Amino acid sequence: MKLAEVVDELDLKVRTAGGALQIEVRGGYASDLMSDVIAHAARGCLWVTLQVHQNVVAVASLKELAGIVLVNGREPEEATVERAESENIPILVSPLSAFDVIGRLYALGIEGGTG
Amino acid sequence: MRAMRADLHVHTCLSPCAEPEMVPTAIVDRAKRMGLDIIGICDHNSAENVSAVLEAGRRRDLPVIRGMEITSREEVHVLGLFGDEEGLSALQDLVYRNLPGENDPDFFGDQTIVDDSDDVLGCTTKLLIGATGFSLEETVQVIHEAGGLAIAAHIDRERFGLVGQLGFVPEGLPVDAVEVSPHASVEDWPDHTAVTFSDAHVLRDIGRSSTSFMLEGATLAEIGKALRNEDGRGILTGGGD
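Quick note, the sequences are listed as chains A and B, same order. Going by the working numbering, the residue at position 110 of the first sequence is 110; the numbering climbs one at a time, nothing skipped. Going by the working numbering, the residue at position 9 of the second sequence is 9; the numbering climbs one at a time, nothing skipped.
None of these hints come from the bench; they were simulated from the model. Every value quoted in this text rests on a predicted model; they were computed, and no experiment measured them. No residue lacks a Cβ here, since even glycine has one placed at the ideal position from N, Cα and C. Just so you know, not all the hints are guaranteed correct.
[Stated by the list, open to error] Derived DEER-like restraints, expressed as beta-carbon distance ranges:
no. : chain 1 : residue 1 : chain 2 : residue 2 : range
1   : B       : 236       : A       : 4         : 50 to 60 Å
2   : A       : 97        : B       : 138       : 20 to 30 Å
3   : B       : 96        : A       : 78        : 25 to 35 Å
Pulled out of the complex, with its shape left as it was, chain A reads as follows:
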């Protein structure tokens, strides 16, 4: 499924890299420990987290993730936005909790991806 379809289905707000939504979402990963994401997330995953620090962009870029969904209505920090724009990493925002976001992603057929 394309990231753009996920954005529509979950009514996510696109905060960065709106031009990069045609990427294929190959799975999902959820964690707030970036060391864990570096160790375990698979390429092409959509990453669900509450961390808004700029390091999320570097981690997503390093792991070639499809994008980042921030939960609980959390907004990316200014430095995070700048970095995500320059690295073309989509950051999406949802007012829902991580539990609800992940449940809806799963219902769309997106399964956990580790590697």
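Let chain A serve as the given structure and place chain B on it in line with the hints.
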């Protein structure tokens, strides 16, 4: 100038996760017996026992550096070390205003405020185990603005360490040093100014890990120079056990 062995990350009974035995006279006694030349007191998000340990240290001729271990909103722990009461007190006010929640001693532990003779003065009701509203960068900034040194705590630990929470040290983060826990070695961090302290929550851990500095005296200004390798001051060795 001489080599001074320092353990600048010691908790007191004010930290909910520390043992009740961590009272000023016992901390100072243990530090003396371990041969430490300087200790630092860094409780979680609070400095309410610092002056008591400072006074207990003065009686035994043990210099005590004032400090606090602040939890950023990413749940990264950062030590703020201070040379005067004023800076630390200003930071304490700022941290308390940005620290939500109330402690439940049954869940998290007691947060006991004591005097320099270990007598109980009361408890703080703030949720010291919680996180402040400051980002990591803001935490470093408020420490510096209050005149302190900022050290990323136990950087190698998964829980509440910078690397565990955020994956790596953000480029350009202006910390004065990184602290590695007793489980790791300062040599593992060649790109950073690295020190090691005990993070003692119980008496037997005090001095378990320490850093030897070349200093003119046991002051924060001298430690700052050592971290920057200025005027002949510097870090000699750091290690555990």
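- Query: Between residue 236(B) and residue 4(A), is the Cβ distance one that fits in 50 to 60 Å?
  - Reply: holds (58 Å)
- With respect to the beta-carbon atoms only, verify the hint that residue 97(A) and residue 138(B) lie 20 to 30 Å apart. holds (25 Å)
- Consistency of beta-carbon spacing, residue 78(A) to residue 96(B), with hint 25 to 35 Å: holds (26 Å)
The earlier numbered hints are all upheld by this structure, with none contradicted.
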